[in-house]
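Model the full assembly from the supplied sequences, consistent with the hints where possible.
Here is what each chain is made of, one letter per residue.
Protein chains: 2
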Amino acid sequence: MAKKKVLRKKKVKRKTDAKPSGASSPAPKKRTKRKKSSASGPAHAASQIDAFASKVAAAALKGEDPSLDIPTRALSNVAFNARSRIIEMGDATQTRSFFNLGQAKKFMQTTLVGAGCRELLRQEKTTSIRDLFYHCKHTIEGTRENTFDEQTESDVVIEDLEVALESLREELGLFAEPKGALVGPMVIEDKGDTIDLTRMGSGGYAVPSIVEEDVIRIKKCTADFVVLIEKGAVWRRFNEDRFWKRHNCVIVHGGGQPPRGVRRLLWRLHHEHGLPVFVLVDNDPWGYYIYSVVKQGSISLAFESQRMAVPDAKFIGMSSFDAEKFDIPDAVTIRVNERDVRRAKEIRGYPWFQKKEWQKEIDRMLKLGVKLELEALSSKDFSFITETYLPRKLRDEDWLD
Amino acid sequence: MAKKKVLRKKKVKRKTDAKPSGASSPAPKKRTKRKKSSASGPAHAASQIDAFASKVAAAALKGEDPSLDIPTRALSNVAFNARSRIIEMGDATQTRSFFNLGQAKKFMQTTLVGAGCRELLRQEKTTSIRDLFYHCKHTIEGTRENTFDEQTESDVVIEDLEVALESLREELGLFAEPKGALVGPMVIEDKGDTIDLTRMGSGGYAVPSIVEEDVIRIKKCTADFVVLIEKGAVWRRFNEDRFWKRHNCVIVHGGGQPPRGVRRLLWRLHHEHGLPVFVLVDNDPWGYYIYSVVKQGSISLAFESQRMAVPDAKFIGMSSFDAEKFDIPDAVTIRVNERDVRRAKEIRGYPWFQKKEWQKEIDRMLKLGVKLELEALSSKDFSFITETYLPRKLRDEDWLD
Numbered sequence: 001m002a003k004k005k006v007l008r009k010k011k012v013k014r015k016t017d018a019k020p021s022g023a024s025s026p027a028p029k030k031r032t033k034r035k036k037s038s039a040s041g042p043a044h045a046a047s048q049i050d051a052f053a054s055k056v057a058a059a060a061l062k063g064e065d066p067s068l069d070i071p072t073r074a075l076s077n078v079a080f081n082a083r084s085r086i087i088e089m090g091d092a093t094q095t096r097s098f099f100n101l102g103q104a105k106k107f108m109q110t111t112l113v114g115a116g117c118r119e120l121l122r123q124e125k126t127t128s129i130r131d132l133f134y135h136c137k138h139t140i141e142g143t144r145e146n147t148f149d150e151q152t153e154s155d156v157v158i159e160d161l162e163v164a165l166e167s168l169r170e171e172l173g174l175f176a177e178p179k180g181a182l183v184g185p186m187v188i189e190d191k192g193d194t195i196d197l198t199r200m201g202s203g204g205y206a207v208p209s210i211v212e213e214d215v216i217r218i219k220k221c222t223a224d225f226v227v228l229i230e231k232g233a234v235w236r237r238f239n240e241d242r243f244w245k246r247h248n249c250v251i252v253h254g255g256g257q258p259p260r261g262v263r264r265l266l267w268r269l270h271h272e273h274g275l276p277v278f279v280l281v282d283n284d285p286w287g288y289y290i291y292s293v294v295k296q297g298s299i300s301l302a303f304e305s306q307r308m309a310v311p312d313a314k315f316i317g318m319s320s321f322d323a324e325k326f327d328i329p330d331a332v333t334i335r336v337n338e339r340d341v342r343r344a345k346e347i348r349g350y351p352w353f354q355k356k357e358w359q360k361e362i363d364r365m366l367k368l369g370v371k372l373e374l375e376a377l378s379s380k381d382f383s384f385i386t387e388t389y390l391p392r393k394l395r396d397e398d399w400l401d
Numbered sequence: 001m002a003k004k005k006v007l008r009k010k011k012v013k014r015k016t017d018a019k020p021s022g023a024s025s026p027a028p029k030k031r032t033k034r035k036k037s038s039a040s041g042p043a044h045a046a047s048q049i050d051a052f053a054s055k056v057a058a059a060a061l062k063g064e065d066p067s068l069d070i071p072t073r074a075l076s077n078v079a080f081n082a083r084s085r086i087i088e089m090g091d092a093t094q095t096r097s098f099f100n101l102g103q104a105k106k107f108m109q110t111t112l113v114g115a116g117c118r119e120l121l122r123q124e125k126t127t128s129i130r131d132l133f134y135h136c137k138h139t140i141e142g143t144r145e146n147t148f149d150e151q152t153e154s155d156v157v158i159e160d161l162e163v164a165l166e167s168l169r170e171e172l173g174l175f176a177e178p179k180g181a182l183v184g185p186m187v188i189e190d191k192g193d194t195i196d197l198t199r200m201g202s203g204g205y206a207v208p209s210i211v212e213e214d215v216i217r218i219k220k221c222t223a224d225f226v227v228l229i230e231k232g233a234v235w236r237r238f239n240e241d242r243f244w245k246r247h248n249c250v251i252v253h254g255g256g257q258p259p260r261g262v263r264r265l266l267w268r269l270h271h272e273h274g275l276p277v278f279v280l281v282d283n284d285p286w287g288y289y290i291y292s293v294v295k296q297g298s299i300s301l302a303f304e305s306q307r308m309a310v311p312d313a314k315f316i317g318m319s320s321f322d323a324e325k326f327d328i329p330d331a332v333t334i335r336v337n338e339r340d341v342r343r344a345k346e347i348r349g350y351p352w353f354q355k356k357e358w359q360k361e362i363d364r365m366l367k368l369g370v371k372l373e374l375e376a377l378s379s380k381d382f383s384f385i386t387e388t389y390l391p392r393k394l395r396d397e398d399w400l401d
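Those sequence lines, one after another, are chains X and C. First residue of the first sequence? That's 1 in my numbering, and the numbers climb one at a time after it. First residue of the second sequence? That's 1 in my numbering, and the numbers climb one at a time after it.
Source of the hints: derived by calculation from the structure; they are not laboratory data. Keep in mind that a hint or two might mislead.
Identical copies go unnamed one by one, so any copy, or any two together, can satisfy a pair.
[Stated by the list, open to error] Heads up, simulated DSBU-like pairs for lysine-lysine below, C-alpha to C-alpha not over 30 Å straight-line: (1) Lys-191 <-> Lys-245; (2) Lys-360 <-> Lys-219; (3) Lys-355 <-> Lys-105; (4) Lys-380 <-> Lys-325; (5) Lys-380 <-> Lys-220; (6) Lys-191 <-> Lys-219; (7) Lys-220 <-> Lys-191; (8) Lys-325 <-> Lys-55; (9) Lys-55 <-> Lys-380; (10) Lys-393 <-> Lys-314; (11) Lys-325 <-> Lys-125; (12) Lys-106 <-> Lys-191; (13) Lys-355 <-> Lys-380; (14) Lys-380 <-> Lys-191; (15) Lys-325 <-> Lys-360; (16) Lys-360 <-> Lys-62.
If you want it as structure tokens, here you go:
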């Protein structure tokens, strides 16, 4: 299926070969939902790269200008889909052609990164995007020109390839610095090791960057829901107090903005195991934003939304109304600064924050002029957050959607 | 024992009560090694706090000026002990007295943080230093004055208490944001869960911040050595290639400068289980410094050196001589910048880098004018680092001490 789509695009693009300046095709007025390819995983990614490479080779053999079609990753090609409730990319693409002076280097870089990923998949290995940068970096023979000078160059090309190949970077064998930990009533198989996630001690299971089915198999999951906690330190309080046991849930943190591995695992727990996802963050604009990325995806990585976003995720706190509800002393609130106010107003304007309750929530923060960290609850008692705050929020269904 | 020492200091300090300006006693010319208290753990910490509090209470009841003696944490009271090969604190202390206008607030903060830690220990809980800040923060009744305004205030007091009570913050129930992962032929008991560290999948065991004997019991360890790897992404390559299995070792990373939990665990593996420790870092001044902190401890946290430093740790790479030895292409070296040069020269001047081999190593970097990241080895092959580089370095005993 996915292969067919690439082939179809190929035909369309042939026509634009006539314009060697490489003008991008205009963004379609009506954005259509990008189809999720039915296949996925490293094998799929490898065949996608092969198809990509064959096209280049075929053009070269015919004496034509080899070119690649890369979906446009720009705000102009991104929109919030109100029906699916995620941030999606449109269908606009750009041609990257070899015989165009302004595109030749990028073209070369794209094929190099593609070849690097293909080699990685052949060896059945995974690596970091920094490592791939080094793998692809060399001085072109007979010149003093490097294929890449900075990692930013290869990072951009990786994102291009993710979209063009309809494969997450994890499927291409690439991972980010892992962050985040998890415990709860689950048994997984990770690279052949069976791991009982109720027996992970104080540290928890370090969530790897690649959590796709071929690496992490969820063998058993009897939890009723998942709580994503913004900070590792607060997560630790939940683990120490055995919150996950008392409430039969999975608790996970992502050390701030959760990394891709954590987001993808949330997605899997929600979509494959039907677990509701609750997000527990600081009451500040950055907390709202963490929630928003988990729920709708982000603008810069819109092409991943379908594989990452959990549109049903619920914001369980902290809310601007909690200080009053839970009688939090003023001394532990923090005055918002200019940056907070600007960010809160920006977020209030996002299409996906237009629900009345959300407008109230953000207006309340702006009106009170204070923000609140999760740790502020410790002014009442070290375990107030696990014994009183969250149980009461859950019982009263006191969350935002 | 430890209690006695505190009592001894108490007597000495009584004399300085005559100087309410709180002048610090002069640093002793000859620095004596701070004795390691024989007792340790939370029970020890609790009794230390009680002794501290009793002293304050006794003075108050007698109508005297309550005061606390805090060892001086300043460069003037820190030195490299060439015999024990760690950075140590001297015996200078400062008096913090309640009836001194310039010290009253700090005195109050010190007792508050002490009380907070005592409460934490009573509840047998642990928490983050941020959480403790919130726990101790309130508006003083009848005033508009807060006990603490910024976390930096309570952080400093925590370090003071660590030294004064001769207890690591972990023993006071405080932890830092956990970072780092580990795998290898070990079985540990973590909070009652038995964990086989050969069966941790791709993510590894997330090293918690508190790894003291009462939390983490090392039940079995058959490894021959430990490799501390600077970066999580490179550690992952080692894990994926099962380096730990092929070389019967423990591999651990600390996500850059290793956090206290990782350092303390290295200490335990070295001192309790006799494992040699090898440090594998980028070839740049920051890599040298990571090695140095693991080995000798740091100036700012000199009071922890005895419990954290591994003076026998070996620097296995990357060395400034490796580019030539391993035929690394120029394209993947990075030109040093001004900051690198300044830092390298600083490090070259440290007393603990005076060995001839180290001077050569640093001089070579300065002469070549380039630095090298671990990932640069991937320009040869993704697994060059695990299959060729490190095995050869180990075989040839090609390391620095």
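Now the hints, each set against the structure:
no. : hint                : in the structure
1   : Lys-191 <-> Lys-245 : both (26 Å within a copy, 15 Å between copies)
2   : Lys-360 <-> Lys-219 : neither (42 Å within a copy, 54 Å between copies)
3   : Lys-355 <-> Lys-105 : neither (46 Å within a copy, 47 Å between copies)
4   : Lys-380 <-> Lys-325 : within (13 Å within a copy, 60 Å between copies)
5   : Lys-380 <-> Lys-220 : neither (37 Å within a copy, 41 Å between copies)
6   : Lys-191 <-> Lys-219 : both (13 Å within a copy, 24 Å between copies)
7   : Lys-220 <-> Lys-191 : both (16 Å within a copy, 23 Å between copies)
8   : Lys-325 <-> Lys-55  : neither (62 Å within a copy, 41 Å between copies)
9   : Lys-55 <-> Lys-380  : between (65 Å within a copy, 28 Å between copies)
10  : Lys-393 <-> Lys-314 : within (12 Å within a copy, 52 Å between copies)
11  : Lys-325 <-> Lys-125 : between (51 Å within a copy, 26 Å between copies)
12  : Lys-106 <-> Lys-191 : neither (36 Å within a copy, 53 Å between copies)
13  : Lys-355 <-> Lys-380 : neither (32 Å within a copy, 54 Å between copies)
14  : Lys-380 <-> Lys-191 : between (43 Å within a copy, 26 Å between copies)
15  : Lys-325 <-> Lys-360 : within (15 Å within a copy, 65 Å between copies)
16  : Lys-360 <-> Lys-62  : neither (62 Å within a copy, 57 Å between copies)
Going down the numbered hints, you'll see the structure goes against 2, 3, 5, 8, 12, 13, 16, while the others check out.
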